[in-house]
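Chemist: Protein chains in written order, with our numbering: chain V, 134 to 332; chain H, 2 to 106.
Hints are computed from structural coordinates only; laboratory data are not their basis.
Among the clues, some could well be false.
Simulated restraints, written as ranges between beta carbons of each label pair [unchecked claim]: (1) Ser-321(V) with Asp-100(H): 20 to 26 Å; (2) Ala-88(H) with Ser-271(V): 56 to 62 Å; (3) Asn-57(H) with Gly-244(V): 55 to 61 Å; (4) Gln-94(H) with Ala-272(V): 54 to 60 Å; (5) Ile-202(V) with Ile-71(H): 20 to 26 Å.
These figures come from a predicted structure and were not determined experimentally.
All C-beta atoms, glycine included, are put in the ideal place defined by N, C-alpha and C.
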Amino acid sequence: MASFAFYLFALLAVSGGVLLVTFRNPVTSALCMVLSFVGLAGLFIGLNAYFVGIVQVLVYAGAIMVLFIFIIMLLDLNDEKPVKFKSSTLLAGVAIPLLLLAQILGVIQSGLQGEEAEFTKIDAETMKVSAAAFPEESAIHKSLSHEKSPKLPDTNLIGHTIFKSYNFPLQLMGALLLVATVGVVVLSKRSHTKAPTDS
Amino acid sequence: MASLNEFLFVSGLLFAIGLSGVIIRRNIIVIFMCLELMLAAASLTLVAFSRFHVHNGLPDYNGQVFVFFIITVAAAEVAVGLAIIVALYRARQTINVEDLTSMRG
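If we strip away everything but chain V, and leave its shape as in the complex, we get (with noise of 0.2 Å):
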């Protein structure tokens, strides 16, 4: 059962991807774009990274996408005309992925086979034993070693990984969200000074 959500949501990104690249039409694309990371958030989920899964779709397929589409309108698009692809390009296109994918699988052989590639299970014994790591009064305690429903408190868990080991990461990136906003702001005011540059 859970290996046949896993073949969904593969097949969902993947098909999401194909399109993407395929479509003329870059509003088509963006929507394929956002086929391809639902589909990604339910592989998260599958992986028992609920966080990571909501994150993604609230941030790609909610927030970016927006963004995309916004520009996209923004700047009136047509399609884009049936220009002839150039045959070197295509086959570059083609070729250098191609070879991408089979060094992938060529390190995929020579890894970790049958038995020893398969997951270990997380369930609520595992959990309980876990437990023990973690202060009594905790969250993460309580939500591990709950008596009827035990559940990976994963969001907990991130944030205790956060705030114990990446303390200073995240306060870098604090640092580059606000640069960010304040360089998109500068970039997008239009100059006055200066007549623009016709090309």
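We have chain V already, so just place chain H on it with the hints.
Modeler: Only chain H this time, still in chain V's reference frame:
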């Protein structure tokens, strides 16, 4: 549950699709979307290894924190990149990469 290798294969496939889009397409916005697809494919690898490397009965959350940071950087990158594209369109009235050759040496 599907095995680690299947997740790695899907991730590699998505990365290859994104790469081919970057090489083939001529519309700079679509190229940008393909770049996002490549970033997301790399995140899938990180999450798969995070789940695979079970430590003390729990997934290794360092990988998922990394994905969280990647998503943040990608969001900032999209905002700045799209602002550059708008500025470029104002100056040149085109977003076709074949018409933007002023940086050719």
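Chemist: Each of the hints needs a verdict: does it hold here or not?
Modeler: Here's how the hints hold up against the structure:
no.	hint	in the structure
1	Ser-321(V) with Asp-100(H): 20 to 26 Å	holds, 22 Å
2	Ala-88(H) with Ser-271(V): 56 to 62 Å	violated, 49 Å
3	Asn-57(H) with Gly-244(V): 55 to 61 Å	violated, 24 Å
4	Gln-94(H) with Ala-272(V): 54 to 60 Å	holds, 55 Å
5	Ile-202(V) with Ile-71(H): 20 to 26 Å	holds, 22 Å
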